[in-house]
Structures are given as C-alpha cells and as structure tokens.
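Visitor: Sequence:
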Amino acid sequence: MRVSLNLLVFFLSFLTIEIESIDFDPAKAIDLLNDLIEHPREVIDQLQQYKISDLIGALGFHSNANFTISKQCHDELTFLGYGMIDSAQHVHHGSFENRTRFMTAEERQYYLIPMMDSAGKVGSGISRGHITASGQFRQCKNVRIYSTTLNRTLRGDYYRVLFDLKMRANSANGSCQVPQIGLDLCLPYVCKNDNLTDYFREGGFIGFSCQNNDTKNLALGSSIEKSPVCSVINVNQRVPKPNIYTFFVSGVLISIVILCIIAGFVDYFHARKFAKSEYKRIDDNSSTLWKMFMSFSLYRNVKNIFRIKNCNRSGQVTSLNCIRTISTVWVIFGHCSAIMVLVCTNPMDLIDYTKTYIGLFMANAYYAVDTFFFISAFLLTFLWFKELKKRRAAVMSPMGWIMFYVHRILRLTPVYYITIFFFTFVFTRLLRDAPVYMSPAVQDDTCERNFWLNLLYIDNIIDSKHICYVISWYLATDIQIYCLTPLLLLPFALGGKIAGLIACATVFLGSTAYNTYQMLVWHFPPTQFQFGPKDPRYNPDERRYDQWNYYNPLNSMSNLYYGNDGNLWTPIENAVYSSLGRILWGLSLSWIIFSTYYRKGMINDFMSLPIWTPLARMSFCAYLIHIMVCGYFFGKNYSEMYFSSQFFLEAVIPVTVLSFVIAIFWSSFFEIPFAKLEMLLFGGSSRRKRTPIAPSTMINEIQGIHKIPVNIPEDILQKPLRF
Numbered sequence: 003m004r005v006s007l008n009l010l011v012f013f014l015s016f017l018t019i020e021i022e023s024i025d026f027d028p029a030k031a032i033d034l035l036n037d038l039i040e041h042p043r044e045v046i047d048q049l050q051q052y053k054i055s056d057l058i059g060a061l062g063f064h065s066n067a068n069f070t071i072s073k074q075c076h077d078e079l080t081f082l083g084y085g086m087i088d089s090a091q092h093v094h095h096g097s098f099e100n101r102t103r104f105m106t107a108e109e110r111q112y113y114l115i116p117m118m119d120s121a122g123k124v125g126s127g128i129s130r131g132h133i134t135a136s137g138q139f140r141q142c143k144n145v146r147i148y149s150t151t152l153n154r155t156l157r158g159d160y161y162r163v164l165f166d167l168k169m170r171a172n173s174a175n176g177s178c179q180v181p182q183i184g185l186d187l188c189l190p191y192v193c194k195n196d197n198l199t200d201y202f203r204e205g206g207f208i209g210f211s212c213q214n215n216d217t218k219n220l221a222l223g224s225s226i227e228k229s230p231v232c233s234v235i236n237v238n239q240r241v242p243k244p245n246i247y248t249f250f251v252s253g254v255l256i257s258i259v260i261l262c263i264i265a266g267f268v269d270y271f272h273a274r275k276f277a278k279s280e281y282k283r284i285d286d287n288s289s290t291l292w293k294m295f296m297s298f299s300l301y302r303n304v305k306n307i308f309r310i311k312n313c314n315r316s317g318q319v320t321s322l323n324c325i326r327t328i329s330t331v332w333v334i335f336g337h338c339s340a341i342m343v344l345v346c347t348n349p350m351d352l353i354d355y356t357k358t359y360i361g362l363f364m365a366n367a368y369y370a371v372d373t374f375f376f377i378s379a380f381l382l383t384f385l386w387f388k389e390l391k392k393r394r395a396a397v398m399s400p401m402g403w404i405m406f407y408v409h410r411i412l413r414l415t416p417v418y419y420i421t422i423f424f425f426t427f428v429f430t431r432l433l434r435d436a437p438v439y440m441s442p443a444v445q446d447d448t449c450e451r452n453f454w455l456n457l458l459y460i461d462n463i464i465d466s467k468h469i470c471y472v473i474s475w476y477l478a479t480d481i482q483i484y485c486l487t488p489l490l491l492l493p494f495a496l497g498g499k500i501a502g503l504i505a506c507a508t509v510f511l512g513s514t515a516y517n518t519y520q521m522l523v524w525h526f527p528p529t530q531f532q533f534g535p536k537d538p539r540y541n542p543d544e545r546r547y548d549q550w551n552y553y554n555p556l557n558s559m560s561n562l563y564y565g566n567d568g569n570l571w572t573p574i575e576n577a578v579y580s581s582l583g584r585i586l587w588g589l590s591l592s593w594i595i596f597s598t599y600y601r602k603g604m605i606n607d608f609m610s611l612p613i614w615t616p617l618a619r620m621s622f623c624a625y626l627i628h629i630m631v632c633g634y635f636f637g638k639n640y641s642e643m644y645f646s647s648q649f650f651l652e653a654v655i656p657v658t659v660l661s662f663v664i665a666i667f668w669s670s671f672f673e674i675p676f677a678k679l680e681m682l683l684f685g686g687s688s689r690r691k692r693t694p695i696a697p698s699t700m701i702n703e704i705q706g707i708h709k710i711p712v713n714i715p716e717d718i719l720q721k722p723l724r725f
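Each residue of the sequence shown is one higher than the one before, counting from 3 in my numbering.
All clues given are correct.
Cut-off 27 Å, straight-line C-alpha distance, at most; resulting in silico cross-link-like pairs (BS3-like, lysine-lysine):
hint, residue 1, residue 2
1, K311, K282
2, K305, K293
3, K311, K293
4, K638, K123
5, K243, K638
6, K305, K278
7, K499, K391
8, K275, K305
9, K123, K143
10, K305, K282
11, K499, K392
12, K243, K73
13, K467, K243
14, K194, K123
15, K73, K143
16, K168, K123
17, K278, K311
18, K228, K123
19, K143, K243
20, K243, K194
21, K293, K275
22, K388, K311
23, K311, K275
24, K228, K194
25, K638, K194
26, K499, K388
27, K194, K73
28, K228, K73
29, K282, K293
30, K278, K293
31, K143, K638
32, K228, K168
33, K143, K194
Here are the in silico distance ranges between beta carbons for each label pair:
hint, residue 1, residue 2, range
34, F596, G497, 19 to 29 Å
35, V663, G127, 29 to 39 Å
36, K357, F510, 31 to 41 Å
37, K638, T290, 44 to 54 Å
Calculated from the structure, these hints are not laboratory results. Remember, predicted model here, so these are calculated numbers, not experimental data. Glycine included, C-beta positions come from ideal geometry on N, C-alpha and C.
Could you put the whole structure together from the sequences, leaning on the hints where they help?
Guide: Here it is, written out as structure tokens:
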C-alpha cells in the first residue's frame with residue numbers, strides 16, 4: 003500500500019509529452035495515495051457529489067458572465083449545460099415541457115446524449131489505484147452535427163477535469179498535488195484552445211454548492227478558490243505543433259530513405275545481372291564514390307543484417323550475441339512495465355506482482371544496462387590489447403589516440419542524432435489523440451530546449467532533471483566512460499600487468515568504498531527502484547554531487563532490488579547490496595563468457611545459435627526506438643487496461659516484436675550506411691590491402707568496440723582498422 007503512488011507516478015518520466023511544469027514530491031504523493039487507500043469512503047462520498055450533470059449543467063449559470071474564453075466556446079458550453087439541466091429536470095419530473103427552448107430532438111439525440119454518454123463514470127477499484135474515470139474517447143470524437151439552434155456545426159472533443167485527491171479546495175495548502183483524480187468529459191471542440199480551468203472551477207463549485215443547498219455562494223467568482231478542481235486539459239493540449247524543424251527533419255530523413263531505396267534497386271539488378279563471384283570482383287574494384295553510394299543500398303544492408311554464414315567460426319565469443327539480445331528484450335520489458343503503470347486501472351496489483359519471482363524481472367530490468375556496460379568494457383579491452391600487440395607504435399601514437407575517439411564518435415553519432423532529432427521534432431507531433439498522456443504526472447517534453455545536451459553527450463550531467471529522451475542517459479554515460487578508459491589502459495601498456503592491475507584495483511576499491519559511504523552517511527536506498535521502502539532519514543533535496551557517479555560503470559545504475567518484500571533494510575544491508583551487487587553480476591557474466599568461449603555444454607550450444615546474430619545486430623537500434631514504440635503502442639489504446647499475469651503476452655511481446663521489426667529498417671537506413679561510410683573514409687580502404695586476419699583470431703562482430711550494442715555487417719568488420 004505504501005508504495006503504490008510511486009508506482010503510479012515515478013515511471014511516467016519514461017513518457018515525454020509537452021505539458022506545464024509540475025512540482026512533484028514522491029514522498030508526499032505516496033502519503034496522498036495512502037490516505038485514499040486507508041479512507042476511500044470519505045473521498046468517494048465527496049466525489050459522488052460531483053455528478054457529471056451538475057458539473058456541466060452548472061455551466062448554464064455562466065451565461066451572463068464575463069470570461070476570458072472565446073464567445074463561441076462560451077456559447078456552446080452554455081448550450082450544452084442548459085441541455086443537461088433540461089435532461090435532469092426531465093428525469094426528475096418525467097416531462098419534456100420547455101425542453102424545446104434549448105435543443106431540438108435531433109440535437110438531443112445526436113449531440114447531447116452522445117456527449118453525456120462519453121463522459122467517464124467513477125468506477126470500482128479506487129483502493130487499488132483506479133483514480134481516473136475514463137470515458138468513451140472514440141464516441142466523443144465522432145460527435146458531429148449541424149445545430150439549427152446555434153446555426154453552426156457542433157463537434158465533440160475529449161477533456162479531463164482533474165480534482166484534488168482529497169477533494170480539498172484548490173487554494174488549500176498541499177492541495178492539487180500529484181496524483182489527482184481525473185474525470186473525463188466530452189466538451190465542445192471549439193474550446194480546445196481555451197483555458198477552461200477557472201471556468202470549471204467556478205462552474206464546478208456552483209454545482210457542488212447546489213448539491214449542498216449552498217445558494218449563498220452562487221454569486222459568480224465569490225468562491226472559486228474553494229473548488230477542488232485543479233485543472234482542465236484537452237487531449238491534444240500538450241502535443242506540440244509542427245514547426246519548420248519538423249518539416250526540415252522529415253525532409254532529411256525522407257531523402258535518406260529514398261536514397262537507400264534507389265541504391266537498393268540498383269544493387270539488386272546489378273546482382274541479378276552478374277554471377278556472384280563476378281559481381282563481388284566488380285564491387286571490390288569499383289571506385290570509392292560507387293562504394294559510398296552502395297553503402298546506402300537497402301537490399302545489401304538488410305541482407306547483411308540477416309547473414310548468418312560463418313557466424314560461429316572458431317575464435318568467436320558467440321555468447322555475446324545472446325547476452326546482448328536478451329538484455330535488450332529485458333530493457334523493453336522493464337519500460338513496458340513502467341508505462342503499463344500509467345494506463346492500467348489496478349496499479350496496486352502490478353506492484354504486488356513485482357514481489358513474485360517472475361515479477362522480479364520487472365524490478366531488476368536495470369541490470370540489463372549494467373550488462374551493456376560490461377559488454378562494452380569486455381570488447382574494448384579485448385580488441386585494444388589485440389591491436390596493441392600487432393601494431394604497438396600506431397596504437398600508442400598521437401594519431402592512434404585521436405582515432406581511438408574519432409572511430410567511436412563517428413560510429414555512434416549518426417543513428418543516435420537521427421533518433422534524437424526524429425523524436426524531438428517529429429515523433430512528439432504524432433502523439434495526438436492519446437488520452438493516456440493527459441495525466442498530470444507526465445513530465446515535460448524538454449527536448450526542444452535541451453536536445454543540444456544530447457548532441458554533446460552531457461545530458462546526464464547538465465540539467466539531468468529535465469533530460470531529453472530519458473533513455474539517452476545510457477549513451478552519454480557509456481561514451482563518458484569510454485573517454486576515461488585510457489586511464490586504465492595506459493598503465494597496462496606502459497607499466498605492464500602489475501601497474502595495470504594496481505590502477506584497476508585502486509579505481510575498483512575507491513568506487514566501491516565511495517558507494518558504501520553513500521549508503522551509510524547519506525542513507526541512500528540500495529537501489530533507485532522506487533517501489534521499495536526508503537529510510538526516513540534520506541533527504542533527496544540535499545546536494546551531494548552524486549550525479550558524478552555516472553562515470554563509474556560499477557555505480558552508474560545502483561538500482562536493483564531483489565528483496566522487494568516491503569521491509570526496510572538496515573544501512574549495512576543497503577551498503578552491502580549497493581556496493582557488491584553489480585560486482586557479483588559482472589563476475590557472473592564473466593564466467594558465462596569464459597565457459598561458453600571454450601565450448602562447454604549445452605548452454606553454449608543455446609547461446610551460440612545462429613538466430614542470435616541478426617537479433618544482436620538490430621539490438622542497438624531496437625534499444626534506441628523501443629521507447630517510442632512503447633509510447634505509441636500504449637498511447638493509442640483508448641480503453642482502460644487491466645493488469646494481469648498475461649501482461650507479457652498482451653504488451654511486452656507485441657512491443658518487442660515491433661521494436662525489432664522497425665529496427666531492421668532503422669538500422670538499414672540510418673546506422674549501417676553511415677558505419678560503412680566511416681570505414682571507407684577512416685578505415686583504410688584507400689590503402690594497400692593487407693593480408694586478411696585469420697578467422698581463428700577474429701571475434702564475432704569485433705567492431706562492437708565502437709558501440710554496444712552496435713553490430714556491423716561482416717564484410718565491413720573484416721577490414722583492418724587504420725590509425
């Protein structure tokens with residue numbers, strides 16, 4: 003019970019729609035929901051007094067008021083309000099007398115009744131977190147009729163009235179904090195650009211006063227502060243409008259797609275024209291300009307993704323593909339679980355499910371990110387030392403270190419930048435008619451203001467509270483760690499194994515000790531997983547500069563919590579778990595790679611299946627786009643969703659499949675072409691060809707050093723690096 007609000011609001015940060023700024027305190031939010039759970043009857047009794055007919059019908063009293071909303075909006079609200087008053091009188095008196103003054107029979111049938119019927123009704127399960135009364139979205143949007151009374155076309159649109167959780171006056175101290183009770187209404191479409199908050203605050207208070215025979219407060223504007231109405235929002239109020247950058251980014255992406263399709267057709271017909279060996283000879287001897295054009299071939303890039311020939315050659319660490327794929331799916335599972343909290347009607351059941359053995363996969367999805375850090379470190383060290391042994395002078399030269407960073411940036415940046423620009427200026431405009439994002443707990447979309455931080459890979463350090471594209475913190479952290487790796491590589495290269503081990507041990511012990519210090523002195527929770535209990539001595543507002551821990555791969559994601567049983571751990575237990583959890587995880591991964599590398603047992607046979615190879619090649623793009631797939635998948639669901647144990651089948655599998663399918667094209671259009679260009683320009687294609695590396699010395703998809711989980715086709719990877 004104590005953690006259900008955290009479940010309801012913390013994970014909403016994974017969804018980004020442009021909304022007004024909200025001051026959110028998780029601890030206060032938990033207390034609010036606890037009050038609702040412990041005393042649901044009082045809140046329900048007060049909420050029942052706000053009957054929809056009274057809330058909207060009270061708008062009829064505003065006919066002579068002077069409001070800042072447009073006259074057309076005011077007229078239609080008054081028309082709708084009086085219509086509901088007439089309907090209420092008809093139900094009470096059983097007579098249609100005087101109803102024709104306001105609405106014709108056709109207007110009542112095709113306008114009033116659908117508008118009223120589309121409104122949300124307070125349902126069951128409030129004590130399980132069901133605090134939003136969702137309406138019939140599609141029925142509301144389909145309302146469209148020409149009114150002979152108003153001499154104009156009337157349309158319906160979807161709105162949500164948000165109340166204080168305890169139904170307190172909006173001016174009271176502590177009122178209108180997240181979470182809030184939501185009541186969906188179907189109101190005139192012409193009001194979509196008007197601020198209806200004050201209008202409904204007064205109108206709602208009038209309806210509330212009438213219910214309690216409080217006629218002395220009917221004077222307009224006399225008691226607007228006493229209304230429990232916090233705000234009124236339109237379904238598309240928070241969706242940014244297209245601008246010049248939207249069309250520019252769309253134009254660039256469409257141009258790349260067209261180029262890939264044209265190159266693909268040319269490549270396909272050339273391949274059909276010549277024999278395979280002849281075509282390969284012609285392609286190898288072609289000019290650099292032709293190779294650059296063929297880098298965009300959709301036909302060739304898709305084939306390279308699914309090529310599994312010789313994918314399990316001797317000397318390859320084939321288990322990495324399996325680990326990378328499973329970790330990507332695990333991340334998607336975690337984010338789907340997070341978003342499910344927003345849309346499900348029973349979040350308390352979801353939090354209870356996380357305490358089961360299967361549910362722990364939701365809580366521990368953060369470990370997948372630690373796995374990515376591990377794979378990145380493994381490939382970097384393995385391949386750097388291998389290259390150092392072959393070409394020590396070139397690797398240790400100033401140009402070698404410059405290219406150490408250039409290869410990394412050029413391999414990672416194009417597809418990442420494209421994703422950020424697409425999300426910032428295009429995707430957010432596509433999330434129209436998504437009532438799920440009307441929640442006041444959804445954080446601001448700050449990308450148009452802060453996307454430049456992503457371009458510099460510092461979004462996890464500067465203004466991280468308003469990070470653009472929340473999953474991008476991993477990419478920034480990964481590249482920051484990469485930039486610092488020479489501090490650990492150089493001691494091995496210059497001082498030998500002893501000096502290198504001393505340097506690594508110093509950093510390792512120092513980071514572990516500092517993590518323990520955080521737990522014991524600042525009373526940090528053992529994990530950032532927000533479902534569990536927190537030490538009451540922990541002050542989240544105290545400045546500790548803990549964001550600099552992003553530089554530490556062992557402490558960057560201190561957020562795994564296996565013992566999610568609701569019991570508060572001691573500081574010692576917190577320190578032990580936080581400082582040693584990822585160490586043991588890394589040792590476990592090391593043993594898996596070590597044992598499977600030497601072909602030990604059926605586990606290696608499973609992890610070396612060829613199917614993992616194409617999935618691993620798509621995993622980076624699947625990671626980049628999956629949060630958009632999640633957001634669109636859940637956002638376009640207009641009905642209430644009930645969480646059950648079938649959640650994995652109903653949501654996770656569809657989102658995962660869609661993410662990998664889209665990743666095929668995202669990689670073929672925006673990742674592989676630029677990776678090939680990078681190899682052509684900086685990878686040594688203009689130099690005299692070297693003797694190919696023996697297959698027994700190669701590791702599967704060795705260019706993964708430049709990005710985890712990036713995968714590049716084999717025909718590129720076999721080319722030696724040029725420093």
